[in-house]
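Novice: Use these hints to put chains P and D onto chain L, whose structure you have.
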Amino acid sequence: MRWLFSFLALALFCVVNARSFTGSRLLVVLEEESEREKYGVFLGDLESRGFTITTLTPKSESLSLFKHGARAYDHLLLLPTKSKGLGPALTANLLLDFMKKEGNVLLALSAETGTPTAVQSLLLEVDIHIPSDRNALVVDHFNYDSTSAAEKHDVLLLPFPKPARSDVKDYFGGEGVIAVPRAVGQTLGNESPLLAPILKAPSTAYSYNPKDEADIVEEPFAVGQQLNLVSAMQSLNSARLTVLGSAEALQNAWFAEKATLAGKAVKTANRDFAAKLSSWAFKETGVLKVGKLTHYLNEGSSKKLNSSSALPENNPKIYRIKNDVAFQIEVSEYTSTHLTPFELPPNDILQLEFSMLSPFHRLNLSPISQTANSTIFGASFRTPDQHGIFNFAVKYNRPFLTGIEEKRQVTVRHFAHDEWPRSWQISAAWVWIAGIWVTVAGWVVFVGVWLYSAPVGAAVKGGKKTQ
Amino acid sequence: MAATEGDQFLKQATGPKTRGLLRVIILVLIAGAAVSSRLFSVIRFESIIHEFDPWFNFRATKYLVANGFYDFWDWFDDRTWHPLGRVTGGTLYPGLMVTSGVIYHFLRFLTLPVDIRNICVLLAPAFSGLTAFATYLLTNEMVSSPSAGLLAAAFMGITPGYISRSVAGSYDNEAIAIFLLVFTFFLWIKAVKLGSMFWGALTALFYGYMVSAWGGYVFITNLLPLHAFVLICMGRYSPRLYVSYTSWYALGTLASMQIPFVGFLPIRSSEHMSALGVFGLIQLVAFVEFVRAQLPSKQFQTLLRALVVLIFVVAVGGLVLLTVGGVIAPWTGRFYSLWDTGYAKIHIPIIASVSEHQPTAWPAFFFDLNLMIFLFPAGVYMCFRTLTDEQVFIVIYSVLASYFAGVMVRLMLTLTPIVCVAAAMAFSQILDTYLDAKTPKVDAKTAENGSSEPAKVAAAAVLSDGLRSTRNPLVGIYSYASRVTVVGFSAIYLLIFVLHCTWVTSNAYSSPSVVLASRLPDGSQHIIDDYREAYYWLRQNTPENAKIMSWWDYGYQIGGMADRPTLVDNNTWNNTHIATVGKAMSSKEEVSYPIMRQHEVDYVLVVFGGLLGYSGDDINKFLWMVRIAEGIWPEEVKERSFFTPRGEYRVDEGATDTMKNSLMYKMSYYNYNSLFPAGQAQDRVRNVRLPSEGPQLNVIDEAFTSENWIIRIYKVKDLDNFGRDHHSAVSFDKGHKKKRAAKRKGPKVLRVE
Amino acid sequence: MAPKNRNPAATQSSTQTVPSTPAAAPKPSSSSTKKPGSGGAYDAQDIVLGIWNKYVEKTPQRVKLLDTFMGFLVVVAVLQFLYCIIVGNFPFNAFLSGFSATVGQFVLTASLRIQTNPENKSEFENISHERAFADFVLGSFLLHFFCVNFIN
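Protein chains in written order, with full-length UniProt numbering: chain L, 1 to 467; chain P, 1 to 753; chain D, 1 to 152.
So that you can see chain L by itself, here it is in the shape it has in the complex (with noise of 0.2 Å):
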């Protein structure tokens, strides 16, 4: 009875946390202990999800961010602070230190209060910019709030974001209108493939400084899609960075407000976008695992193999040269309680490559099966003709997915000595064949012969000599 309850147990508790996939400590860094109130209903949620939260301000004594080298949490949320510098335990060098150590951060950033230093090196370094001025915001004259800011046009009204390319899965949407009040906007740079935009503004969008007395902005920061609200960089060893440029947008306020939109009441659907990105952003969504990784040697007695995930990874270490190989990779995705099996969007595509300097086969992946947590995707070919050490590499980075990145050494041998066509076996052989032993038959026949035959006369035998 008693692992009845047990069992049980369990699974609630499985049902009611939806965990993220790389730990549950959340720091919150906000300017002092009483704006916990303001952030109140998020933080419950978050809490309500299985995270263990600490809230320190950048002057707490003990805010660390690493104890003995290892990080001490695995999330970070930054609240806007009103002071320019962030503490010397939140230098833009720890921050990229705990990216390192696969650390997630959320940034929150205000118009009001500005952007610590640390943030804005840390974003220049990522290459995401943000406006120089410090109170400059985004005012969009068409989509605003006319019961808050009916004047200013600083609080934006927008639908929940739709995917940007048809390859790339939706983590973001859903129903309703997300109020963005006071937000510092961003753009990012082109040359990183590591930058992603979440939420974009509106094409009537622009950034602007208030203060700033002139009526015509003449060299807006950005203006249209190029200004984004949301943005996130994913760095090589899946860590993630989300700027989130309304902190407001966060906080109790603005959870369930009636706001009107172009004359139409609505309710905002504040609270709906905030659960989606901080599990995107704490590793709840979008997350891949890669499980068993399986060659082996298509021909002969290894064709039938025992692709049980029990038995842990043993695969061949040399192939030889034209050897038919098949491989299989098991991927599965995390859906923010239990790995799923992993499905392809539909124009997308997993690719192998089995390269020695460059690639020699990029074959594409197909899924030969599933299990209960993942997909086996697999694919089969012949070794090339070349001898050497070869990589079988999957490589799948797209936007809001975590990479997987896999590679595993393998040797490619040339024929052995014994492996070439014996000689009977070449038809155009067969007449040196037939010379060899024709020769060894004369010889045999002559030899026999001899020995039979006289010697040469009388003489040779008298001067018989020994040696």
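Source of the hints: derived by calculation from the structure; they are not laboratory data. Just so it is clear, CB atoms sit at the ideal spot from N, CA and C, and this is done for glycine as well. Watch out, some of these pointers could steer you wrong.
Just a few of them, taken from the derived set where beta-carbon distance is under 7 Å, the chain L residues facing chain D [to be verified]:
#	residue
1	V410
2	W432
3	I436
4	V444
5	F446
Specialist: Structure of chains P and D alone, referenced to chain L:
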């Protein structure tokens, strides 16, 4: 009487059985001397494999012993030439490894568990004893004097020319190849003298063994045909020559083609064409002789002339046609550079850069051969006086070997056996004449001259005509005075020879070159073990499959001692790959980094001698790296840009920008000025003062530097986690904040998804 | 001083005696009778006929046996070479081993012939005919072994 008793005793002592026993004892002692004079480095340091090439042979032998012969034959080595790998089983000469393997298994069979390393280290001295014996046999065939052979064996045992490549620890192909060379020559001479197919077959078998052991077998392949050819030209064709040469050629060529590395070369390459040509020629001559026996001479002459002309034209024309048409490969670069010595520097810089391939300096002859070098022409001259078939061989071998030894230092080794033989012949002639206790009997004819002085008569008997002084010699050859003088001086020369050989062996040829030794100011020895320290650091601190990039000189040692995959090694079979490494070393970091990433390099190793004054370091070899890289990428790597406008090669303040930014320069001098007070960093090899600010490295991290800074190991950084280039990442880490991009004129670049 | 070794064949021909026995049954000709004509056609024919007659008369049966075998080998060699020229030399190692088997055997047999020729006795003092034959067998074994190994 005492005299007769003494005579009888002497007679017994000089009976044939005693002489035989004495010879055996002497040969055993010579072998012992040969072995022991090669053991200096084992006693001073330890039993370790020396140099570079022997490390590869050692690794191959370990593989053979661990995995068996067939696995060794099919071995695909994936820990060298990453990522190309190397088909080692088919591209090495297996004779040395197989010999060691056989000895190892034989000793195990006798339940003597000798470690394979000790077998490999001591193989060369063991075979040197056998070489001395083979030289004894060879010289015995040349002259009938019993002492010549023993002298030749003694010379061969301790001469530095041979010791240089056969000390204990020098586990290289020459260790067994020289023994096989001399022994094959002995068998050949025996075959020619006896005209027996058995000896010819034996020659072929040992020739096959030699082909499996060393690339220098081509020397035998050309010397034996040349000998046969010269004999034919001298009019000394005989059936014995036919039997011995043809049985050697037929069986030997077949035997040599069994080695995969040689394969079809005996039919396809120019170096083997002389043997084939002489084979055809000898068939022709035999046929002509056969026909001559059947015909009266006048008809024969007509026939002969027509035949010879026709066939000669056909053969030479065919050969030229096949060479031009590409069926027969022309001379390979290695051997062609022996004729055209300037060829390699321009066309094949890798061959020219090896120090062993440089021409020989004059003093090297005396250094390696001592008194034998002036006895050598005397011995060759003696052969001219009694020009038997085998002595023709000595003459030809001497001439050919002298030329090659003059062209390439390494080939001094092939000159040494014949110098020993010829010198022994000359020396034994002296000793035989002056040590012989008897005075030769006076002829009846000369007694009529009326002279009663035995010396004068004897002198007259020996020299029928000659100088006036010999008719009335003052001292003469057979007087005790001259005997004592000459024999005394010979003994002194021999003693000096032994002293010289031992001194040269001890000082010049016994250094393991893995371990450097120097003297401290107080005279004690200071061992510099940086190489092994660094290799063992690699072995213990890096993952098993970490790939190491270094210049090709150190490849074998890294593979042998550190046991890590390397990119290029001493085999130098792929020039483009070496040039790629050269380009990575000589370009700036932004160019080197993609090359290193593409080749999956984990660590880079450089040798730097500046702190110690060790002049064999990579900065001194740097220009060769540049030249080799320039051979493949002439637009990207230019040797000229490493020289100042005035044409100097500098490493201090005045070094060119290309030099200062090259990866090799940065790796060598990184952090070097931290050893010295500010601004006084001194490079002790180039003898210059380095700039006060050292180079900065962005794409690699320093991982290890050995005690005397001789070896420096760097780790290649992974791609930056945030997609930045390494230069920016490093400057951010240092604290330089990135500046905001200045306002750009012109249209903005928009971001597209 | 050791005397220079003169060419022995020249001395042999002067000691040959011409037997007067009639010609034995003609055997297939060996390569020794092939030669291009030089001088007049009359001379060439004469030479050829003279040689042939002398050969058939003088040579003992054992030597003729040797010559038959050598001729047979030449025929096999020529056939193989023709095949190579017509059809091509793939696989090259097979061609080499087949061809070298015949060439090597020919050469060994020719050496045996030389060694058992009574006219050459002074050259081969140490080698009896039995020893020569034993050497021949040994050499042939080696040759066959190498050829079979090479052709795989």
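Novice: Would you mind marking each hint as holding or not holding in the structure?
Specialist: Here is how each hint holds up against the structure:
1. Checking L:V410 against chain D by beta carbon gives a least distance of about 29 Å; that is not within 7 Å, so the hint is violated.
2. Hint on L:W432 holds. Least Cβ distance to chain D is approximately 3 Å, under the 7 Å limit.
3. The interface hint given for L:I436 is met, as the beta carbon of that residue sits about 5 Å from the closest beta carbon of chain D, less than 7 Å.
4. Proximity of L:V444 to chain D is violated relative to the hint, the smallest CB-CB distance being about 10 Å (cut-off 7 Å).
5. The beta carbon of L:F446 is positioned within 7 Å of a beta carbon in chain D (closest approach about 5 Å), and the interface hint is therefore held.
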